[in-house]
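Asks: Chains A and B, in that order, are what the protein sequence lines are.
According to the UniProt record's numbering, the first sequence holds residues 1 to 104 in order.
According to the UniProt record's numbering, the second sequence holds residues 1 to 87 in order.
Rather than coming from a laboratory, the hints here were simulated on the basis of the structure.
Note that the structure is a prediction, hence the values are computed from the model and not measured.
Here a beta-carbon is modelled for each residue, glycine too, at the ideal position from N, C-alpha and C.
Hints should not be assumed to be uniformly reliable.
[Unchecked claim] Estimated spans, in silico, between C-beta atoms of each pair: (1) B:75 - A:35: 52 to 60 Å; (2) B:60 - A:94: 50 to 58 Å; (3) A:89 - B:11: 19 to 27 Å; (4) A:81 - B:5: 17 to 25 Å; (5) B:74 - A:54: 25 to 33 Å.
[As the list claims (entries may be wrong)] With a straight-line Cα cutoff of 25 Å, these simulated DMTMM-like cross-link-like pairs (lysine to aspartate or glutamate) come out: (6) B:17 - B:27; (7) A:54 - B:39; (8) A:33 - B:62; (9) A:33 - B:25; (10) A:54 - A:70; (11) B:46 - A:47; (12) A:89 - A:26; (13) B:46 - A:26.
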Amino acid sequence: MGLGSFFGGNKSTVTDNNSQTTISNDPTSQRVKAQIQQELAVANATELVNNVSKNCFEKCLMAPYSQPNDPCIDQCLAKYMRSWNVISKTYVARIQNASTTGEI
Amino acid sequence: MSSISQADLDSMNDSSKKEIANFLDAENSKQRVQMQIHDFTNSCFKNCVSSITSPELSTQEEQCLNSCVNRFLDANIRIVQNLQNVQ
């Protein structure tokens, strides 16, 4: 699974209740949509890579940085991805809960 | 990536433009949630994950991540309410 498919899978977690989105078969608008989704996927992947790099660099390496620490980096990345999933689940549940109780 | 020509864009009819506008609205709100998750993961990971000794999250770490999101949102709601009362 590439990073593009990770974010570009269009698995709508929230706010896809508006199913009034008419799907035309205008090829231009299909291409515009595909390009927007592609660019969003790249932006999300970039953001993720930057955040993981900063966090795992900080947690795994220490000045004067004479030694690499690849096992720690690998574990840190795995932990970060798991954290992402935990937080995503909690946040989406909270949003959905708030929207049904009319909090938002 | 193939870019879309201006001529192609100009030739779109009103219903296609409307379709794109709706699509953008939906993608925008999804992306706002996505960015918020980036933000939460970044700051909660810093605060909740103290040592890297395994690729798994410990039970405490997972609880901490959940509470981190929930307490942030509680604080956010409270702050908005307080500010509304000031007015």
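Asks: Look at each hint and say if it fits the structure.
Replies: Verification of the hints:
The given range of 52 to 60 Å is broken by residue 75 of chain B and residue 35 of chain A, whose C-beta atoms sit roughly 38 Å from each other. Between residue 60 of chain B and residue 94 of chain A, the C-beta spacing of about 21 Å breaks the proposed range 50 to 58 Å. Between residue 89 of chain A and residue 11 of chain B the Cβ separation comes to about 43 Å, which falls outside the hinted range of 19 to 27 Å. The given range of 17 to 25 Å is broken by residue 81 of chain A and residue 5 of chain B, whose C-beta atoms sit roughly 39 Å from each other.
Range check, residue 74 of chain B to residue 54 of chain A: about 27 Å between beta-carbon atoms, so the 25 to 33 Å window is met. This hinted pair checks out: residue 17 of chain B and residue 27 of chain B have alpha carbons roughly 15 Å apart, not beyond 25 Å. Between residue 54 of chain A and residue 39 of chain B, the direct Cα distance comes to roughly 13 Å. Compliance with the 25 Å bound is thereby established for this hinted pair. Proximity of residue 33 of chain A to residue 62 of chain B is assessed by CA-CA distance (about 36 Å); at most 25 Å being required, the pair is judged violated.
Straight-line distance between C-alpha atoms of residue 33 of chain A and residue 25 of chain B comes to about 12 Å, which keeps the hinted pair within the 25 Å bound. Pair hint residue 54 of chain A plus residue 70 of chain A holds up; C-alpha atoms about 15 Å apart against a cutoff of 25 Å. As the CA atoms of residue 46 of chain B and residue 47 of chain A are separated by approximately 16 Å, the hinted pair is consistent with the 25 Å bound. Among the hinted pairs, residue 89 of chain A with residue 26 of chain A is inconsistent with the structure: their alpha-carbon atoms are about 35 Å apart, more than 25 Å.
A hinted pair counts as satisfied when its Cα atoms are at most 25 Å apart, and residue 46 of chain B with residue 26 of chain A does not qualify at roughly 46 Å.
Checked against the numbered hints above, the structure breaks hints 1, 2, 3, 4, 8, 12 and 13 and satisfies the rest.
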